[in-house]
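Chains as they are written, first to last, in the working numbering: chain A, 50 to 163; chain B, 89 to 201.
Don't read these hints as lab results, they were simulated from the structure.
Just so we're clear, the structure is a prediction, and the values are computed from it rather than from any experiment.
Note that CB positions come from ideal geometry on N, CA and C, so glycine has one too.
Be careful, since some hints might not be right.
The following label-pair restraints were derived from C-beta to C-beta distances [stated by the list, open to error]: (1) B:S158 - A:S119: 34 to 40 Å; (2) A:S63 - B:S115: 38 to 44 Å; (3) B:T126 - A:G102: 31 to 37 Å; (4) A:P56 - B:G128: 36 to 42 Å; (5) A:A50 - B:S174: 37 to 43 Å; (6) B:G104 - A:R126: 46 to 52 Å; (7) A:G111 - B:G116: 37 to 43 Å; (8) A:G111 - B:G150: 43 to 49 Å; (9) A:Q94 - B:G128: 29 to 35 Å; (10) A:L162 - B:R151: 42 to 48 Å.
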Amino acid sequence: AQSVTQPDIHITVSEGASLELRCNYSYGATPYLFWYVQSPGQGLQLLLKYFSGDTLVQGIKGFEAEFKRSQSSFNLRKPSVHWSDAAEYFCAVASSGSARQLTFGSGTQLTVLP
Amino acid sequence: KAGVTQTPRYLIKTRGQQVTLSCSPISGHRSVSWYQQTPGQGLQFLFEYFSETQRNKGNFPGRFSGRQFSNSRSEMNVSTLELGDSALYLCASSSTGAGNEQFFGPGTRLTVL
């Protein structure tokens, strides 16, 4: 069975600092990988996705993620965090056969200090 | 295009009652998936419907059911509500084609008293 681990429950960074959120997955074949963001009281918004090809993917709001097969990781990065980035971030994996059944990590809550 | 809409946004029920939640997907999207989000269990897949047929189902009891109509709108039903069913229920829609992303609605917050 596929699974996703987000080892950091809560991360605090200062505005303007760089950010890296960790995600490790377990899946036998090449997975479909996603990062979603959720603001309080809102649904999930897709930041970026990886299916194949270039292992460094660019997303919205200045986010990027790198797929590393050897480490089973798909870490999310942003070079300079803005106060509006404060939210909860979820990494998710889907099997290549049915990308509509997502398995989510437990999420990382991001706090941004002024 | 309008996004995924879910109604109602908030719902309060008592134990033993049943509830029906509604989801209208983005126009043209034929796949609708449902997820339950709780502080303890996180985000969990409930089921997916495509062309009025349930295509995938998560590990939930039979009290949780759903259906999809010919216009792709979907409903999910929870019977004999338990306190543990209190959660945010999220609906997501996607177009056909493997790997297409899911677009999520704002969710329905269900509270069971």
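How the hints compare with the structure:
Taking the beta carbon of each, S158 (chain B) and S119 (chain A) are about 47 Å apart, not inside 34 to 40 Å as hinted. Between S63 (chain A) and S115 (chain B) the beta carbon distance is about 42 Å. The supplied range of 38 to 44 Å therefore holds. Between T126 (chain B) and G102 (chain A) the beta carbons are some 35 Å apart, a value that agrees with the proposed interval 31 to 37 Å. Under the hint 36 to 42 Å, the C-beta atoms of P56 (chain A) and G128 (chain B), about 18 Å apart, miss the expected range.
Between A50 (chain A) and S174 (chain B) the beta carbon distance is about 26 Å. The supplied range of 37 to 43 Å is therefore violated. Range check, G104 (chain B) to R126 (chain A): Cβ separation about 48 Å, and the 46 to 52 Å hint holds. Between G111 (chain A) and G116 (chain B) the beta carbons are some 29 Å apart, a value that contradicts the proposed interval 37 to 43 Å. In this structure the supplied range 43 to 49 Å holds for G111 (chain A) paired with G150 (chain B), their Cβ-Cβ distance being about 45 Å.
About 23 Å separates the C-beta atoms of Q94 (chain A) and G128 (chain B), a value inconsistent with the hinted range of 29 to 35 Å. Our hint of 42 to 48 Å for L162 (chain A) and R151 (chain B) holds, since their Cβ atoms are close to 44 Å apart.
Violated hints, in rising order: 1, 4, 5, 7, 9; the structure is consistent with all others.
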